[in-house]
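Q: Given chain A's structure and the hints, the job is docking chain B onto it.
Protein chains: 2
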Amino acid sequence: LLLIGDVCRTLAGVIDLAVDWMTDLKEGVCLSAFWYSHEQCCWTSNETTFEDRDKCPLWQKWSELLVNQSEVGIWAGSWLGTPAIPHIKTILSGFIIRGYLGKWTLLIKTVTLVLVVSSGLSLGKEGPLVHVACCCGNFFSSLFSKYSKNEGKRREVLSAAAAAGVSVAFGAPIGGVLFSLEEVSYYFPLKTLWRSFFAALVAAFTLRSINPFGNSRLVLFYVEYHTPWYMAELFPFILLGVFGGLWGTLFIRCNIAWCRRRKTTRLGKYPVLEVIVVTAITAIIAYPNPYTRQSTSELISELFNDCGALESSQLCDYINDPNMTRPVDDIPDRPAGVGVYTAMWQLALALIFKIVVTIFTFGMKIPSGLFIPSMAVGAIAGRMVGIGVEQLAYHHHDWIIFRNWCRPGADCVTPGLYAMVGAAACLGGVTRMTVSLVVIMFELTGGLEYIVPLMAAAVTSKWVADAFGKEGIYEAHIHLNGYPFLDVKDEFTHRTLATDVMRPRRGEPPLSVLTQDSMTVEDVETLIKETDYNGFPVVVSRDSERLIGFAQRRELILAIKNARQRQEGIVSNSIMYFTEEPPELPANSPHPLKLRRILNLSPFTVTDHTPMETVVDIFRKLGLRQCLVTRSGRLLGIITKKDVLRHMAQMANQDPESIMFN
Amino acid sequence: LLLIGDVCRTLAGVIDLAVDWMTDLKEGVCLSAFWYSHEQCCWTSNETTFEDRDKCPLWQKWSELLVNQSEVGIWAGSWLGTPAIPHIKTILSGFIIRGYLGKWTLLIKTVTLVLVVSSGLSLGKEGPLVHVACCCGNFFSSLFSKYSKNEGKRREVLSAAAAAGVSVAFGAPIGGVLFSLEEVSYYFPLKTLWRSFFAALVAAFTLRSINPFGNSRLVLFYVEYHTPWYMAELFPFILLGVFGGLWGTLFIRCNIAWCRRRKTTRLGKYPVLEVIVVTAITAIIAYPNPYTRQSTSELISELFNDCGALESSQLCDYINDPNMTRPVDDIPDRPAGVGVYTAMWQLALALIFKIVVTIFTFGMKIPSGLFIPSMAVGAIAGRMVGIGVEQLAYHHHDWIIFRNWCRPGADCVTPGLYAMVGAAACLGGVTRMTVSLVVIMFELTGGLEYIVPLMAAAVTSKWVADAFGKEGIYEAHIHLNGYPFLDVKDEFTHRTLATDVMRPRRGEPPLSVLTQDSMTVEDVETLIKETDYNGFPVVVSRDSERLIGFAQRRELILAIKNARQRQEGIVSNSIMYFTEEPPELPANSPHPLKLRRILNLSPFTVTDHTPMETVVDIFRKLGLRQCLVTRSGRLLGIITKKDVLRHMAQMANQDPESIMFN
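Residue numbers (UniProt numbering), protein chains in the order written: chain A, 1 to 662; chain B, 1 to 662.
In isolation and in its complexed conformation, chain A is listed as follows (with noise of 0.2 Å):
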C-alpha cells in the first residue's frame, strides 16, 4: 500500500506538472525555460499584486496563432478509453474483466490521460486516476503471493487503491476514502478502510512534497468567504440542490441513451473519428467565449472566488461608491457593473455548452472523468443565481426577506458560495454521493463552516435526482455494459421464496448433476459438451440426490484432459468417483478415475423456503455467483447471480430480458 500510494502520487504529480504545462502551452511559452506552466514562469517576476501578474514579461502569449485547442486532443483519440469507475466497480464485485488493469493499459492511460485533461475536453482526471492506481494496485499485489493467490484480498488492495486514486486526483485524502467506501466499493470491510487511510496518507504526503497546486495550502479551490451565511439563503442553495438533481437526470438519460446509440448502432465503429469531430467541435464553439477557453479547473477556481478588492476579473466588476474608502476585506455589496452582465451572458451561453458537450463527451473511447465537468456546470449556474440573489438584495433591501439580514452597506451575499454550492449539487446529482460529496468539497475548499448548505444541496439534489431514476451514473454505465451487477443500495423486499426463482422451473428438464461415482469419463464430457454451465453439483446418486459438493467446469475438463494424458489406463468407459475410497466395480472394468481434488466440499446451500429476500442479501454480502438449492438433503435446484439479478428485474416490473449479459 504504501507502494501504491507512493507510485500513484508520483504519477499524479507528474500528470498534474505535465497538464498545466501542456494547458499553458496553449496560450504561449515561458521565454526563460519552456518547462515552465505560466504560473511557474511567473513565480519569480517582481510584479507582486494580482493584476500585474498576468502581464509578467517572461511569458509570451500566443494569443495571435490560435493554436487549436484540439491539437492534444486528437492525438489521445481511440487509446484505451471509455468511463473507468464503472468497470472498476464491476470488479469489485466480483466480476473478471481481464486486461483490464494490465500493465500496457497503467503505462497507455497515464500517457493519453495527459494529452486528454490538457485537450480542453469536457472532463476530469479522477476516472481515469482511479483507473491507474488500481493498475498500480493490481500489479503491486501480484508481487506478493498473499494477494495475488486470493481474489478477496486482492479486491480490498483494489479498493485501496481507488481511494489513492480520487485522492491524488483532487488532493482530498479523506474525501478519496469515503468515495472509495460510498461509490466504488462493493464490499468494504474496515481492514479496507484502514488500508485506504494509510495509502491516502502516504499520498498526501508525497503530493505535499511536489506540490502541483503550487501554493503551500493542500487544497485545490482555496475558498475564504469573510461573511456568513443566513438562513434565509437556505431557499436558493436548497434552489441550486433542484437544479444538480435535474442536471443529474437530464445528463444521465441523456448520456445513457446516446452510448447506447453509439453501442447499438455503426457510430460505435468509428471512435477516433468521433473523438475528432467531438474535439474540433469543442475547440470551435469553446474558444471564443472566455469562460470555456479557459481550463476547467481555472474556471472553477474563478467562479468560487469571492470578490475582493484586489480582484481584477471580469466578474468582480462591480461599481464602487466613491465615497468609500477600499478596505481589503469585507466589502459591502455593490450594483454590478458592465463587466458582471457581460459575464452573466458569457456565463449562460457557457453553461448550455458545457451541459451539452459534457452530455457527449463522457463514454467516448478516452480517458474521462466526471468530477471537473459536473462541479463547473454547478459552479456556473451557481454564480449566476448568487450574482442575481446579491443584485436583488441590493436594489431591493427593503423587501421583507431581506431586511432582517441585509441593512444597506453590509456585504451579505457571496456569489462565489453559490457557486460551491450549486457545483456540490450538480456533482451529487450525477454520482449520487452524500458524505463522501460534502468531505470532498471540503477537502476541495477548505469551506468548513459550509456544512449545512453543502449537506442541504446534497441531500436536496439526491432527492430529486432519485425521484427520477435511482441510478447513478457508474450503476446506469454498468446497467448498460450488461455486466451482472448486483447494486447493494437497491432494497429487495418481496415475499417470493428460492422455490421460485430456482432452475430448472417446473416442466424443464431435470439439472445436469454429476453423481459420485457411477458416471463414466464419456459421460461428463457428453455432459460438458451439450451444456455450458459453469459447474455441476455432484450427488451420491441420481435416486437419493444427496448434495456432497460442487465441481467447476473449468476444473473437470482440465482433470480429464491431464488424466487422459498422463495417467494409465484411463479411457472413454473408465468410472469417475469424487468419494474417498473407490467404488466396487466388476473385476475386468478398466481403471477408475478419482477427482475428489477438484471438488468444492463446501457449496453454499440454501433450502427451498428461503424467502428471496434472504437469498439476496446473501449474494450480495459474500459475493456469490451460485448458491444450490436444497429440501432436506435433497438437492433440488441452483440459482445463480443472473437469475437473481433477472428476478429483481421482473420483480420491478422490468422486463427481465432487457438486462444484456456479455
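No wet-lab data here; the hints were simulated from the structure. The structure presented is a predicted model; accordingly, all values stated were derived computationally and were not measured. It is possible that part of the hints are untrue.
Since the list can't tell identical chains apart, any single copy or any two copies may satisfy a pair.
[Unchecked claim] EDC-like mimics (lysine to aspartate or glutamate), calculated; alpha carbons at most 20 Å apart, straight line:
no., residue 1, residue 2
1, LYS594, GLU471
2, LYS149, ASP617
3, LYS594, GLU584
4, LYS621, GLU491
5, LYS561, ASP517
6, LYS191, GLU613
7, LYS149, GLU491
8, LYS621, ASP487
A: Only chain B this time, still in chain A's reference frame:
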C-alpha cells in the same frame, strides 16, 4: 429520522446550555439574571477587549466560598451509568439487552448527563449522548411497524441515531456519521450511511438555530494558525503519535484492570460511595491547579489556541522585543516569560492528574464519555512538546534541523498545533479510530490544512497501540462484560474446518434433535427440561438424520403450553409433527399436535468441510447466532456464535474459558 435528529439536537442543545450554566455556577453567579452563564452574562458588557471581559461587573465570582465541585456530582452518582458505547455496539451486533434503550433510561440519562458533565469529573458527553440518541431512535422506531417488527431495520435506525448522537455532542455531523460507521455499527449498509447523513444534517441545522457555542461558527474549538507546518515538525508529531498510542495502551489496560476488580470484588457493591469518593478526590486535587479547575472543554480550547497579540492567558506570557511594534497576527517566536514556565509546571501536574483520574472515572456507574478527557490528555502533552520545540527553535536557530525553516524573527512553531495533533493522537490511541478521528478533528477545529500532521499522528498512534493489543477501549469493555461479540476487525486465517468446531465433539452425547413426526409432547417437554439450548434442529427421523428445519426453544414452550390449555385432546403422549400432513397413527392414539407454524424452514447450514475462515465470515456478515453443520444432507452438529468465539480465542492462544459469557 427527522424526528430523531431534531429531538436529539434539541436535547443536546438544552444539555449544552444547562451544562454551561451549571459549570459557571460553581464559580459565580450572574447578578442581572441568575440563569445566564458567565459568557452570556458578560455578553452585553461594554468591556470589549478580551482581557477586561473577565472583569465584567455583572458576574460575581464565588471564589471565597470554595463551592465544592462535587456537590452536583454526588447527586448524579449511581443513576444508570457505565460506558454506553460498548453496549450500543453489542446491541447493534445482534445481542439483546432488555430495557437498555427504554424511555426511563432516556429520561434519567438526560438529567444525569447534565449533572455529571457539569460536576467537573474527568469525562465527556459523547458516550451518554449516543445512548440518549439510541433511546430516541428506539422509541421512534417502535412507533412505526416497519421498524418495530424487523430487528435488522431497527438496528439500522439505531446506527443512524448513534451518528446523530456524536454529531450533536461535538457539532461534527460528518465525523458523527463516520464514527458510527467505524466504531459503533456492526453492519453498515449504504442505505444507513445515507440515513445517518440525513439525521446529521437535521442535527447540524437545529444546532445552528440553537447555537450553543455562542459564535456564528459551527465549530467547538475553532483554531486559526498563521503559519504552515514544516516537514521537520513531522518528527515531534510522530512522537506525539507514539505518546498517544502509549496512553491508549496504558489507559485501556489500567481501566480494564480496575473495572475487572470492581466487577469481581466487594468494591462493586458500593457504586454510590465510589462516585462520591472519586468526585471528592477530583474536586480537592483539581481545585488548586487552574488547568484542572476550569472545565475540560475550556482547557482544550485554551491549549489549541495560538498566542495572538491580544491574548492575556498565562500560556501566552512571552517576553516581547521592545523594539518591535505589535502586529495583530504573525508574531515571531519569542522567548518564554515567567508565566509560560509556571504554566509548564502546572500543565505537567494536570497531565498526571488527568491520566490517573480518567482511568478511575471511566466505567463508574455514571454516564461517561471518553473523547474530552482523552483529548485533554493529548492536548496538554502536545502543548508542552510544542512550547519545548518553540523555545528550542528560538534559542538554537543555528542548529541544522532549525536552520532551514526557522530564521530568527520568524514565526516558525505554533504550540497550539502540537496540542491539536496530541489530542488527535490520544483520542486515536484509546478508540483506534482512523478516518473518523481526522474528520472529527477537522470539524472540531476547522484546521483543514493540517491534514498530514493529523493523519500521521493518527496512524502512528494506532500502530503503537495495536502493537500492544488489538482491542480498543470499546471492544475491551465488551469483552469485560462477557458479551458474545464477534469483532469485524479481527482476521481469522487458520486452516481449521467446521467439523473441528461443531458440537457434539467426538465422545460427547449426540445432538439433541426433534424428529418431524415421531416424538410425543412428553418427550419434547423432557428434552426442554433437561437441556438449556436456545433451539433444536428438526430431522426426518433419527435414522436418516436429514435436516428439515429449526425450532426455537421459546416458541416450542409457548406452543405446547397453548395447545395443552386450549386445544382439545392434546395429552402427554400426543404425537407432535412438523410436516404438512399428520402422520399415520394407530387408531386409538390421541390427537396429534401440528407445529409446522413454529418451524424455521430455512435454517442456515454449512457442510462439515467448510473452512472456519468462511464460517467466521458468514457469522459476521449475516449476523448469525447459530449455524447447522451437515454432510450430504445429513445433520452432523451445530456451531453457535459462542463456539466460534471460543475457537477464535483458542486459535489466538488464549484460554477459551477466559471468555466469560453473561
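Q: Confirm or reject each hint.
A: Going down the list of hints, with the structure as the test:
Within a single copy, LYS594 and GLU471 get their C-alpha atoms no closer than 49 Å, and across copies no closer than 47 Å, so neither meets the 20 Å cut-off. In this homomeric assembly, LYS149 and ASP617 come within 20 Å of each other (Cα to Cα) only across copies, at 18 Å, whereas the closest approach inside a single copy is 26 Å. Taking the closest pair of Cα atoms, LYS594 and GLU584 come within 20 Å of each other only inside a single copy of the chain (13 Å); across copies the shortest separation is 44 Å, beyond that limit. In this assembly of identical chains, LYS621 and GLU491 lie within 20 Å of each other by CA distance both inside one copy and across copies; the values are 13 Å within and 17 Å between.
Taking identical chains as interchangeable, the C-alpha atoms of LYS561 and ASP517 lie at most 20 Å apart only when both belong to the same chain, with a minimum of 19 Å there against 49 Å between chains. In this homomeric assembly, LYS191 and GLU613 come within 20 Å of each other (Cα to Cα) only across copies, at 16 Å, whereas the closest approach inside a single copy is 27 Å. Taking identical chains as interchangeable, the C-alpha atoms of LYS149 and GLU491 lie at most 20 Å apart only when they sit on different chains, with a minimum of 17 Å there against 33 Å within one chain. For the homomeric pair LYS621 and ASP487, the shortest alpha-carbon distances inside one copy (11 Å) and between copies (17 Å) are both at most 20 Å.
This entry does not satisfy hint 1, going by the numbered hints stated previously; all others are met.
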